[in-house]
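Listed in order, the protein sequences are those of chains E and W. Mind the numbering: the first sequence is residues 1 to 484 in the numbering used here, read in order. Mind the numbering: the second sequence is residues 1 to 197 in the numbering used here, read in order.
Worth flagging that the hints you see were computed from the coordinates, not collected in a lab. Just so it is clear, CB atoms sit at the ideal spot from N, CA and C, and this is done for glycine as well. One or more hints might be untrue.
Which residues of chain E face chain W? A partial, calculated answer using Cβ under 8 Å [to be verified]: (1) Asn154; (2) Gln235; (3) Arg326.
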Amino acid sequence: MLSIRNNNCLKWSASLLLAVVLTGCVSNYAESARSFQSSYSAGNYANSLVEAQALVTGSSAEDEVVLKLQLASVQREAGKIKESVDTFESVENSFGLYDAAPEISLSGEGIAAFTNPYAFPYRGRAYDRIMATTYRALNYLELGDQEKARVALNRALFRQEDAKRMVAERERIAREEMNNAESRDWNVGRVARSAEVTSAMSEGAADFVGLPIYQDYMNPLSVWLHGVFFLHTAQGIEDVEKARKSLERAQALAPQNPSIQEDAVWAAKSGARPAVDGKCIVYVVHETGEAPAWSEFKFDLPLIIFDNNAPIMRVAFPKISPVPNRDNLSIRCATGNFNPAPLVNMDAIVAREFNDELPGVRTRAVASAALKGITAYVANKAAAEHNRRNNTEGSGLFYLATIIATNTYTTQSAQADLRNWATLPKNISMVRLVVPISEQIYLQNDLARPPVSFTIPNAKSLILYCKTPAKGGPLSLHKIILNP
Amino acid sequence: MKKLLIAAAVLSLAGCSSSRPASYIEAKDGSGIVSLDKVNVQDFASAADGMLRSLYDSPAFAGAKRSDGSPILMVGRVTNDTGSNFDTSQLVKKMTVSLTRSGKVRVAKAAGFGGAEDQAAAEARASQALVTGESAKPLLPDYTLSGKILENRASAEGVQQASFIFQLSLTEVKTGLAVWEEEKTITKQGSKNSIGY
Chain E
1 MLSIRNNNCL
11 KWSASLLLAV
21 VLTGCVSNYA
31 ESARSFQSSY
41 SAGNYANSLV
51 EAQALVTGSS
61 AEDEVVLKLQ
71 LASVQREAGK
81 IKESVDTFES
91 VENSFGLYDA
101 APEISLSGEG
111 IAAFTNPYAF
121 PYRGRAYDRI
131 MATTYRALNY
141 LELGDQEKAR
151 VALNRALFRQ
161 EDAKRMVAER
171 ERIAREEMNN
181 AESRDWNVGR
191 VARSAEVTSA
201 MSEGAADFVG
211 LPIYQDYMNP
221 LSVWLHGVFF
231 LHTAQGIEDV
241 EKARKSLERA
251 QALAPQNPSI
261 QEDAVWAAKS
271 GARPAVDGKC
281 IVYVVHETGE
291 APAWSEFKFD
301 LPLIIFDNNA
311 PIMRVAFPKI
321 SPVPNRDNLS
331 IRCATGNFNP
341 APLVNMDAIV
351 AREFNDELPG
361 VRTRAVASAA
371 LKGITAYVAN
381 KAAAEHNRRN
391 NTEGSGLFYL
401 ATIIATNTYT
411 TQSAQADLRN
421 WATLPKNISM
431 VRLVVPISEQ
441 IYLQNDLARP
451 PVSFTIPNAK
461 SLILYCKTPA
471 KGGPLSLHKI
481 ILNP
Chain W
1 MKKLLIAAAV
11 LSLAGCSSSR
21 PASYIEAKDG
31 SGIVSLDKVN
41 VQDFASAADG
51 MLRSLYDSPA
61 FAGAKRSDGS
71 PILMVGRVTN
81 DTGSNFDTSQ
91 LVKKMTVSLT
101 RSGKVRVAKA
111 AGFGGAEDQA
121 AAEARASQAL
131 VTGESAKPLL
141 PDYTLSGKIL
151 ENRASAEGVQ
161 QASFIFQLSL
171 TEVKTGLAVW
181 EEEKTITKQG
191 SKNSIGY
């Protein structure tokens, strides 16, 4: 009797331990990133730099890329351009290593089902890779290293070509995984196509209706920057031709921005760098707001096993919502007042890739929940059988504990992957001005902040890259000389 | 239950990985790592070999006569127009090493495009001129070497192709005309980076 009781206690303890261990795999990524995000949104770059650095130092290898992307953004805004370059280069190396490594295998996905999606490294979305390379180019330009900026801008164009390939590959993997899931006898395919799952997939989609769709996953900022860089630093007619092509593309991507057209026309008609006697061509670029916020949407799946011992099967999908808090910039100079016109809608870029990822996310989440459900069901069934055979107080308690433990496991371990480059802006706008050298221009953002003044240096062309993370937030300014 | 056991087996196997001990390889024999997204050391070696063969076969230096020795070559700008950072001297140095060893040219070090390659030589030359009271003779090259490295990408059905195009020109300073030009293209294909054959 004693040995049976001991045996039951052992099993009870083991089952509880199993539940604790398995639910312990739940990532606290979203929670740990929250504090950093709030200081960044307030424009407190000094604090957010410390927090971003601490997050990278304490990060797992799986989260390193996404946390470093955020750190590089903060370093850039905190004026630590060289450090930002180093961090972006480190991320670029990681992208290279991930690209060289085999794709995540379907058998590997089985492991994720037992743990959570955070068990896999964040490899970087296509828009992350494009924006990282574009910021890297901006950093090099700010440091005056035009040779490295040229390389980074070429890389940004290649990254945009890669984006189309990544999307096609993702679609293929999603189809393959769905076929694979359907071939199993767990009704995963039926559940994945159920009304509950279909409705969850469209959660929040209405918030992103009517946004621009950029052809071939191109990013208008990267394309435009490529164009103006090659135009103003042209080493020959080939560079002007490259500039023309990029500027015409940028014009098609952002037709509301008339400034792009002026340069596109120049590049088409002239074979040389543009210059205006005694004046400087100034591009004021304004980056504002925050990219969509990621949250979790949890719901219970329809049962795949109709039995009293079937556990609750909870699944978690990621959901994105627009962050409405964006700023406006106005520029005042002797010739008048100007406002930058839209160049990029980052919400559109993020939402599009999010929607592309959803079919794959759905299959994995449902398969993971089903696999966990089966595991829990087997444990519950065994405990029920043990209870039926022994019918003692101990076996009853063991059965109850198993039911609690497995339900805790299946409900608490459901987690959506919320990793995303959260410091990306919501909108980027741009205006082209021709201002006399030594004249002052004033940059004013919303609310009652005093305008920031800037004296035009003796240069043929420059970019003033401004950022306000939220409405009325502090305005950070990057001066980039294109053609001295 | 069987599926659970399989999953457990997968879990236990996931930790296993194979490693390969470090070893020396010859850059030109094709055993190096082949990257689709960057120019590898063997690509520079192959491009430089082809360029040098072409240059030695050409009559580029035939008309160059100089009373104080072989003609002077100054290295100009070689633009990296690819999507990956590297030092273009990995190509140019292979060229100048071979050319100076062959006695075809002497390479200007104390002056050059964007500044002297050998800053110490340039400063020593200036100091020497100061001591002797004579102004340093300008280093006038007979030839300049310049070029560009471009990248072209394509992909179809999961296969990626990267071409790196090496373009070099030798210009005779006296006439301002190109006396030799060459282009070498190195194309690599694959779905992932790999170790060479």
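Hint check results:
A distance limit of 8 Å between C-beta atoms decides the matter here; for E:Asn154 the minimum to chain W is near 4 Å, and the interface restraint holds. Because the smallest distance between the Cβ of E:Gln235 and any Cβ of chain W comes to about 6 Å, under 8 Å, the interface hint for this residue holds. Below 8 Å, beta-carbon pairs count as interface contacts, and E:Arg326 has none with chain W, the closest being about 32 Å; its hint is therefore violated.
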